[in-house]
Every structure is written in structure tokens, then in C-alpha cells.
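> Chain by chain, the residues:
There are 2 protein chains.
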Amino acid sequence: MSIDFSPIGTIHTPFDDLKGMPIQPSGAKDVKGIIEVFQEYEQGLNDLEGFSHIILLYHFNKSRGFDLMVTPFLDTQKRGLFSTRAPRRPNPIGLSIVEILGREKNKIFIKGIDVLNKTPLLDIKPYVPRFDTKEVSASGWLEQTQDDSVSMKSDDRFIEKQS
Amino acid sequence: MSIDFSPIGTIHTPFDDLKGMPIQPSGAKDVKGIIEVFQEYEQGLNDLEGFSHIILLYHFNKSRGFDLMVTPFLDTQKRGLFSTRAPRRPNPIGLSIVEILGREKNKIFIKGIDVLNKTPLLDIKPYVPRFDTKEVSASGWLEQTQDDSVSMKSDDRFIEKQS
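Chains as they are written, first to last, in the numbering used here: chain A, 1 to 163; chain B, 1 to 163.
Watch out, some of these pointers could steer you wrong.
What the hints assert, rightly or not - The calculated lysine-lysine pairs, modelled on DSSO-like cross-linking and capped at a C-alpha distance of 30 Å, are: (1) Lys19(A) with Lys78(A); (2) Lys19(B) with Lys105(A); (3) Lys134(A) with Lys118(B); (4) Lys32(B) with Lys107(B); (5) Lys134(A) with Lys78(B); (6) Lys134(B) with Lys19(A); (7) Lys111(A) with Lys118(B); (8) Lys78(B) with Lys107(A); (9) Lys62(B) with Lys107(B); (10) Lys78(B) with Lys29(B); (11) Lys107(A) with Lys78(A); (12) Lys19(B) with Lys78(A); (13) Lys78(A) with Lys105(A); (14) Lys78(B) with Lys134(B); (15) Lys29(B) with Lys105(A); (16) Lys19(B) with Lys134(A); (17) Lys107(B) with Lys29(A).
In short, the hints are calculated from the structure, not lab data. Nothing here was measured: the structure is a model prediction, and the numbers come from that model.
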């Protein structure tokens, strides 16, 4: 069973290359980007400026294939794929929560973005603390290392070698 | 440009009908469900039990079409679609953060689920406070009403009439 999606816009960021890119918004706190939604969807952005944060869902369009066990950036041993945020997944959908700086027509100016330039955008949702902030009792293999995400940079391990 | 995804499993919940379903996990705190991932992906669930919460991305497979301005459950006036969590969207991808109770092979037992029974699952990601908990300064039109999501129930407004 196949599900067909189409981008609703493009995420513009300073990162043309995976090498050196932050691995999470937590490491890209001051990095600015622009979301450009296709003009046919502009009206759907109304009221979004009222929120300080939004959830972006996007297509990891440079990722090919996947492995069920992967060594994440923040660990040295292999972990089950779905316990990681690795971009090579059966459905390569990325999720980042970013801050809104402002909006002009079909462009949203954002801060704290950690994706490649020209990433295809699939959806925008408002970040709502009542829905999206959870008091966790455990963070698994990331318990000790999640704070390292602030300084950790990406490499090309999650792009399948194509030749 | 079309992007092809396929479900990686199914979300089983007590809700066979939209009417009376909680509109957010915040209103379904004690509702239990089972995620059944197709066996070919079972190994990818390793290490997930270490996390208390996971992010589910799924396909709103009962939603047809979309409007750019919608009246959300928690409001009485029309809002821009992307400032809402309405299921009728250009790419009908749903997002819920739920609690893990346990795992048995390819099944994950969860709590706090607010989706229809047999919803096709697209992805599972670990919920990581460092990445996913944000201190917001504004929650837009939901500022006053997000707490009402605890008691608000769904109706069929977001299923397009098909006849």
C-alpha cells in the first residue's frame, strides 16, 4: 500500500553540505533559515505567527535505503533504528521544532534549524505545550548523551554511498 | 514531485469511530493501544523500551482533501490550517506523543493514544526532551484553550462527506 505525498514548500538553510551541520536544532540554536511555502498554500499560514514555535515535518530527500540497526551520532554502539533520529528510515520523514522570528506572505523566518538547504517541506504544525511537552521518566540510550547534541556535528554516514 | 511512503505497521486503539474520540493525547491520558509493526521491521524497535515516550507519525487515512482556513475543535473562528492540528491537510500526516508501557516482539504497548483504530503507522521516533521540549513564549489562538483539549471530544467535521 503506497501513500503519495507532495512537498508544500522548501526549507532554506545555510547548510549545503551534511558535513559540519548540527545534528539537532539544539545544536543550531542561532542558525536562521527561511521556510518558503508554495503560494497556493499561503493562506494556510494565517495565525501561525501567534506561536513562538512550530513543528516541521520534511522529507530527508538525500537519504537512500535504511538499516534496522544503526550507530547514531551520539553513541558508539548499534541501536534499533526507531530508537534513533537517523535520517535513513523506511519512510524518511524528518521532524524539527523551530522558533518563529516572523512572517512575510508565504515566507516564515525561523531560528534553530538543523536541516540541509532546499529540504522539501511536508507539513507545519503549531507546537503546543499541552500536546507536545512531556515529562519523561527515561530517555534510553540518550539519557547521558542528549546534551552533547549541542556541539555534535553531522557527517555523511547517513547518505548511502551511491557509487 | 511525488514522494512515496508505505506504512510500517498499524496502530490499534479502542476508537472505531471519530465521534467521541479524544482530540489529543492530552485527552486520552489513560487510553491504551497497541502498535503492531510489520515483522520485517521488528529489529528496528530494539532499544525503544528504554524511552518513556515516543513520537508516532501516522497517516490520517480517513481524511480527504483540505481547506486552507478551518474552524478547529478548540475554537469558534476560522484559523489558518497550518496553525491547527486538523487532520485534513495537503499531506495528512498525524503526530502524537505517547507513553510506552512495554514491548513484546513486534508489538509496543502504549498509553495516551488519540487516533482511530487501524491507523497506518509511518514512523516511530524516540521523544528526547533536549530536542523536543521547548519553552514557548506564545501559543497563538490556543493560548487560552489548549487545556480544554483534556475534555474535548472529536466529531466528524474533518472527514469529507463522500456522498
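> Taking the hints in turn, state whether each one holds.
Tested hints:
1. Lys19(A) with Lys78(A): The hint holds at about 21 Å.
2. Lys19(B) with Lys105(A): violated (36 Å)
3. Lys134(A) with Lys118(B): Holds. Lys134(A) to Lys118(B) sits at ~25 Å (cutoff 30 Å).
4. Lys32(B) with Lys107(B): holds (13 Å)
5. Lys134(A) with Lys78(B): holds (28 Å)
6. Lys134(B) with Lys19(A): holds (26 Å)
7. Lys111(A) with Lys118(B): It is violated: about 37 Å lies between the C-alpha atoms, which goes past 30 Å.
8. Lys78(B) with Lys107(A): Status holds; Cα separation ~21 Å.
9. Lys62(B) with Lys107(B): Given that 30 Å is the threshold and the Cα spacing comes to 23 Å, the pair holds.
10. Lys78(B) with Lys29(B): Answer holds: Lys78(B) to Lys29(B) is near 28 Å, not above 30 Å.
11. Lys107(A) with Lys78(A): violated (39 Å)
12. Lys19(B) with Lys78(A): violated (43 Å)
13. Lys78(A) with Lys105(A): violated (44 Å)
14. Lys78(B) with Lys134(B): Roughly 26 Å separates the two Cα atoms, so the pair holds.
15. Lys29(B) with Lys105(A): At roughly 38 Å apart (the allowed maximum being 30 Å), Lys105(A) and Lys29(B) break the hint.
16. Lys19(B) with Lys134(A): With a Cα-Cα distance of about 26 Å, the restraint between Lys19(B) and Lys134(A) holds, given a limit of 30 Å.
17. Lys107(B) with Lys29(A): violated (36 Å)
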